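Visitor: Using the sequences and the hints, build the whole thing.
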Amino acid sequence: MDATAPVSLREGLVKWIPNLRAFALSLTQSAQHSDDLVQDTLVKALSNLDKFQEGTNLRAWLFTILRNSFYNDIRYKKYHQTVPIEEVDPVNLETWATQEKYIEFKDVLKGLGCLVPEQREAIILIAAEGLSYEEAAAVCNCPVGTVKSRLSRARQRLEEYLNGEKALAEQAS
Amino acid sequence: MQKNEEQSRLEAQELQQSLKNADTLSPIEAKGLEALEDVKKSASSGSNDKKEPVIDEARINARIGEFYAKVLADVAKEPIPEDWLKRLDEIDKRERK
Numbered sequence: 005m006d007a008t009a010p011v012s013l014r015e016g017l018v019k020w021i022p023n024l025r026a027f028a029l030s031l032t033q034s035a036q037h038s039d040d041l042v043q044d045t046l047v048k049a050l051s052n053l054d055k056f057q058e059g060t061n062l063r064a065w066l067f068t069i070l071r072n073s074f075y076n077d078i079r080y081k082k083y084h085q086t087v088p089i090e091e092v093d094p095v096n097l098e099t100w101a102t103q104e105k106y107i108e109f110k111d112v113l114k115g116l117g118c119l120v121p122e123q124r125e126a127i128i129l130i131a132a133e134g135l136s137y138e139e140a141a142a143v144c145n146c147p148v149g150t151v152k153s154r155l156s157r158a159r160q161r162l163e164e165y166l167n168g169e170k171a172l173a174e175q176a177s
Numbered sequence: 112m113q114k115n116e117e118q119s120r121l122e123a124q125e126l127q128q129s130l131k132n133a134d135t136l137s138p139i140e141a142k143g144l145e146a147l148e149d150v151k152k153s154a155s156s157g158s159n160d161k162k163e164p165v166i167d168e169a170r171i172n173a174r175i176g177e178f179y180a181k182v183l184a185d186v187a188k189e190p191i192p193e194d195w196l197k198r199l200d201e202i203d204k205r206e207r208k
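Protein sequence lines correspond, in order, to chains G and A. The number in our numbering is simply the position in the first sequence, starting from 1, with 4 added. The number in our numbering is simply the position in the second sequence, starting from 1, with 111 added.
Since the hints were made in silico from the structure, they are not lab data. On a predicted model such as this, the values are computed, not experimentally measured, just so you know. The beta carbon of each residue, even a glycine, is placed where N, CA and C say it ideally should be. Misleading hints may appear alongside valid ones.
[To be verified] With a straight-line Cα cutoff of 30 Å, these simulated DSS-like cross-link-like pairs (lysine-lysine) come out:
| hint | chain 1 | residue 1 | chain 2 | residue 2 |
| --- | --- | --- | --- | --- |
| 1 | G | K55 | A | K204 |
| 2 | A | K188 | G | K105 |
| 3 | G | K152 | G | K48 |
[Claimed, not checked] DEER-style ranges, computed between Cβ atoms:
| hint | chain 1 | residue 1 | chain 2 | residue 2 | range |
| --- | --- | --- | --- | --- | --- |
| 4 | A | R170 | G | N52 | 33 to 43 Å |
| 5 | A | N172 | G | T102 | 20 to 30 Å |
| 6 | G | E138 | A | E206 | 29 to 39 Å |
| 7 | G | C118 | A | E168 | 17 to 27 Å |
| 8 | G | V120 | A | R207 | 13 to 23 Å |
| 9 | G | K152 | A | D200 | 38 to 48 Å |
| 10 | A | D167 | G | Q57 | 32 to 42 Å |
Guide: In structure tokens, the structure reads:
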């Protein structure tokens, strides 16, 4: 391994930790599971730095490792299902501008929980992380068309969910 | 039944062709041609009266963006666990040997 390269790559790994944590949290909807995943990703990444091609997208490479670990966990633990919302303890919820913002956040969180993981990752990678279809397809190891259709279904289901929540809130008030 | 359908299809084709061949079309003929084209398109795409639900992509993207920005801001505030960095250093040293 090139002795000078790992220094900057290690720094690169550390730099992307918040994004890895946010992606893992969105995928798993569990703070504990997401931290395990990120730690696992960092160890794998650093142990396999020689496989990373400098000049390519480090974030996408890290997301690929994290995503693969996530699906390995799912296969291993056999919990390929959405996590009951009562178990969701995703973020530090101490600072909220308004109560309304907090409710909106919880709605999206619950909505994401209703998506299958493949749809969840597609919408997070593209709509939140801003990856291109091609980059997201590389991370998800599937054709671009598949990513597009997963994204479209994710948006549709999320919209249905959010509209349903809104209707319920209106009924209650 | 099938014969009737086939006959109707042929008649519609004939009508369409004759309308297309006409030098000028009256407004009613033009409308008829347009309607025939629509039916043809609908039949070839296999769609009936069902319409694809319209998704407000911009709204969904905005909601997801806002959600993720909050998550990212919160996790960015959290310090990176010491044991992660320690482990990275250990692996880094090992890899460099």
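Visitor: Work down the list of hints and note, for each, if the structure agrees.
Guide: Hints, one by one, checked against the model:
{"no.": "1", "hint": "K55/G with K204/A", "in the structure": "17 Å, holds"}
{"no.": "2", "hint": "K188/A with K105/G", "in the structure": "19 Å, holds"}
{"no.": "3", "hint": "K152/G with K48/G", "in the structure": "29 Å, holds"}
{"no.": "4", "hint": "R170/A with N52/G: 33 to 43 Å", "in the structure": "40 Å, holds"}
{"no.": "5", "hint": "N172/A with T102/G: 20 to 30 Å", "in the structure": "21 Å, holds"}
{"no.": "6", "hint": "E138/G with E206/A: 29 to 39 Å", "in the structure": "30 Å, holds"}
{"no.": "7", "hint": "C118/G with E168/A: 17 to 27 Å", "in the structure": "18 Å, holds"}
{"no.": "8", "hint": "V120/G with R207/A: 13 to 23 Å", "in the structure": "41 Å, violated"}
{"no.": "9", "hint": "K152/G with D200/A: 38 to 48 Å", "in the structure": "41 Å, holds"}
{"no.": "10", "hint": "D167/A with Q57/G: 32 to 42 Å", "in the structure": "39 Å, holds"}
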